[in-house]
Structures are given as C-alpha cells and as structure tokens.
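Please arrange chain B on chain A, whose structure you already have, making use of the hints.
One letter stands for each residue in the lines below.
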Amino acid sequence: DVKVTQSSRYLVKRTGEKVFLECVQDMDHENMFWYRQDPGLGLRLIYFSYDVKMKEKGDIPEGYSVSREKKERFSLILESTSTNQTSMYLCASSPLTGGLTEAFFGQGTRLTVV
Amino acid sequence: KNEVEQSPQNLTAQEGEFITINCSYSVGISALHWLQQHPGGGIVSLFMLSSGKKKHGRLIATINIQEKHSSLHITASHPRDSAVYICAVKIYIGRGSTLGRLYFGRGTQLTVWP
Numbered sequence: 379d380v381k382v383t384q385s386s387r388y389l390v391k392r393t394g395e396k397v398f399l400e401c402v403q404d405m406d407h408e409n410m411f412w413y414r415q416d417p418g419l420g421l422r423l424i425y426f427s428y429d430v431k432m433k434e435k436g437d438i439p440e441g442y443s444v445s446r447e448k449k450e451r452f453s454l455i456l457e458s459t460s461t462n463q464t465s466m467y468l469c470a471s472s473p474l475t476g477g478l479t480e481a482f483f484g485q486g487t488r489l490t491v492v
Numbered sequence: 490k491n492e493v494e495q496s497p498q499n500l501t502a503q504e505g506e507f508i509t510i511n512c513s514y515s516v517g518i519s520a521l522h523w524l525q526q527h528p529g530g531g532i533v534s535l536f537m538l539s540s541g542k543k544k545h546g547r548l549i550a551t552i553n554i555q556e557k558h559s560s561l562h563i564t565a566s567h568p569r570d571s572a573v574y575i576c577a578v579k580i581y582i583g584r585g586s587t588l589g590r591l592y593f594g595r596g597t598q599l600t601v602w603p
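Line by line, the protein sequences are chains A and B. Position one of the first sequence corresponds to residue 379 (the numbering used here), numbered consecutively onward. Position one of the second sequence corresponds to residue 490 (the numbering used here), numbered consecutively onward.
Fair warning: there could be bad hints in the mix.
[To be verified] To give an idea of the interface, some chain B residues facing chain A are shown, with a C-beta separation under 10 Å as derived from the structure: (1) Q498; (2) L500; (3) Q526; (4) G530; (5) L548; (6) A572; (7) A577.
I should point out that these hints are in silico values taken from the structure, not numbers from a laboratory. Cβ atoms here follow ideal geometry from the backbone N, Cα and C, with glycine treated the same way.
Next comes chain B alone, as it looks inside the complex:
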C-alpha cells in the first residue's frame, strides 16, 4: 500500500511539448512537495504547497485538496528538464502539531529529446 501514487512512471517528450505529471494521495496532508532529482542523486525542492497553484518559470504546480490530487506541469519542455520528478506529501505523525514526515511517490522519469 502506497499513500502516494504518481503517474506516469516514465514520460518521453519532444522539446517544446507541454508535460503533466500527476500525483494522488489517500490521506489528509499538511503540505505537498514536488521534488526534482537529476542523475547523480541530489534532490531539490521545486514546490511546496498546501492549496491552489504555484508557478516558477516554466513550472506550474496545482493541488486540489478535496480531490487529493496534484499536478506538475512543465511548459515548453527542454532537454535540461530531463530528470526524475517526485511527489511527496507531508503528514503529521501525532507527536505534537509540528512533527511531520514525508511519504513519497515512486517518481516519474522524464526524458525530453531535442
């Protein structure tokens, strides 16, 4: 059982295409993260959101709390966007209101061809 489901698992696109990665979760959350991992391992945070929509450059993240669903969009994709994109949800674990942990989706491998 995985609290976070991500789709698709693999995604191939031509440069310039609009890309969408989806994330669904099954529990109440305090926040949702979209993370990016390039070959070599390091993970960086792209977005952290608890409602609505955020935009950073060509990347847009949306979340629908009622439907327990989030999407990451990349407009005008570029080969340098090739990476693994990971959805993670933060859930409080009961020891006070500030202690939380992340549950991760299995990631989406995006490859953008020139």
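Just chain A, same shape as in the assembly:
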C-alpha cells in the first residue's frame, strides 16, 4: 500500500515561531510537492522538487522554504510564522515518467497560528 506520510495532523503555533512540516513517501518518486488549501481558493502550489537537493518555487512561495536532502523526504519550513499562514498543508508525490502519472497525497497538516 503506497503511502505519503505527513508528520503531524494538527499543529498550533504562536506567531513568530519556526515550523517544520515533514513529508515522507515510500514509492521512490522523484517529484514531491507542497500545497496549501484554503476555503474558496483550492489547492495552491508552494514549492516542488523533482530531484534530491532540487527545488522550484510554485505559485505562493513567499514566507516558505523547503529542503530535500533525501529522495523520500521533503520538508516545508516556515521560518517565522504569521497568522495568514493558518491553513491546511498537503504534501504529494508522483513519479517522473510522463503525462499519465498519478499523484499521491498525504493526509494533510492543519496548522493554526495564533
């Protein structure tokens, strides 16, 4: 059973704290993605990575950074959280093998910044 695992389901942090969201996949996928999901806006791409130590900005990278030191692990870093980063964060992975490749999603981390 293929799996994308996010380290936390729920997090509550204070403004200004540093937050690490971890994502691990066991499918040997090259591509990994971080999204945030907000009501009425759908999923928006923050960062993605197509290989170890590679990263690309998505549509809303401001306030975030990422790390991919190993193929199976993709971390999203919020250096100094703000209340507007309260959201559902979803990680996904997919193989690098052409167009018709399925994406697999983690269960999501609901982050609340107070």
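Just chain B now, with coordinates in the frame of chain A:
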C-alpha cells in the same frame, strides 16, 4: 486567473440522484485528474484520464480534449459520496518532457441526503 474552472461550487442531492460535476480548463494538458477529499483532509485519486471515458463502479469520468472540458458523473448517489470533488489538470512545465505540475479547480462540495 484560474486555469481550471469547476462547477457547481456546492451541490446538494437526494440519495439515488444522478450527479454531474463539470470542469473546464484553458490550456493544453497532458492529463486530467478527478480527486476526492473527505472531511479530515486526505485526498484520493478517483480518475486520471487524457481522452475518452473511464468508469469505476458508480463513478464515470469523461473528457473532451477539443472542448477542454471534463465531467464527473455519479450514478445512484449515496450519502457516503458526500465529499469535496476536485478537478486538476497536469501541465508540462518545460524542463524536459516528463516534468509536470497540477493546477486545481476550487472544488465542488457534494452533500447527499438520505
């Protein structure tokens, strides 16, 4: 500007009704995904298609590449079908022919009453 438009945003049905959710997109794509998200956050892939029609149980997905339109149908709807349904299109992003990313519609909240 959103590359993927989904309708309706909210849909309420009685158990047994036939349901259709529509998705239109504005760019050339390599594939289209229909995703399901239950309360709690996890997203699962229902269909991935690049042409024609696919069927899985009571769910049917169709795509018309020329018209840039896809539909998700649910026959004999059931309360357990209540979820958010998300359309996503995969677009190559230019770094070789195998690197793609997803653009998402804003989702359709389906509620099926017994």
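Point to revise | A572/B as an interface hint toward chain A, with CB separation required under 10 Å | key: Since the shortest Cβ distance to chain A is 14 Å, the answer is violated.
Exercise for review: Return the status of the interface hint for L500/B: holds when the least beta-carbon distance to chain A is below 10 Å, violated otherwise.
Suggested key: violated, 16 Å
Check your understanding: Given L548/B as an interface hint, is the shortest Cβ-Cβ distance to chain A below 10 Å?
Key -> It is violated, given that the least Cβ distance between L548/B and chain A is near 16 Å, above 10 Å.
**Study point:** When the least beta-carbon distance from A577/B to chain A is tested against 10 Å, hint result
**Key:** Holds, about 8 Å.
Check your understanding: Would the stated hint for Q498/B survive a check requiring a Cβ distance to chain A of less than 10 Å?
Key -> With Cβ-Cβ at 8 Å, under 10 Å, it holds.
Practice item. Answer holds if the nearest beta-carbon of chain A is closer than 10 Å to that of G530/B; otherwise answer violated. Key: It holds, given that the least Cβ distance between G530/B and chain A is near 3 Å, below 10 Å.
Exercise for review: Against chain A, run the beta carbon of Q526/B and see if the smallest gap drops under 10 Å.
Suggested key: Status holds, d = 9 Å.
Of the numbered hints given earlier, the model fails hints 2, 5, 6; all others are met.
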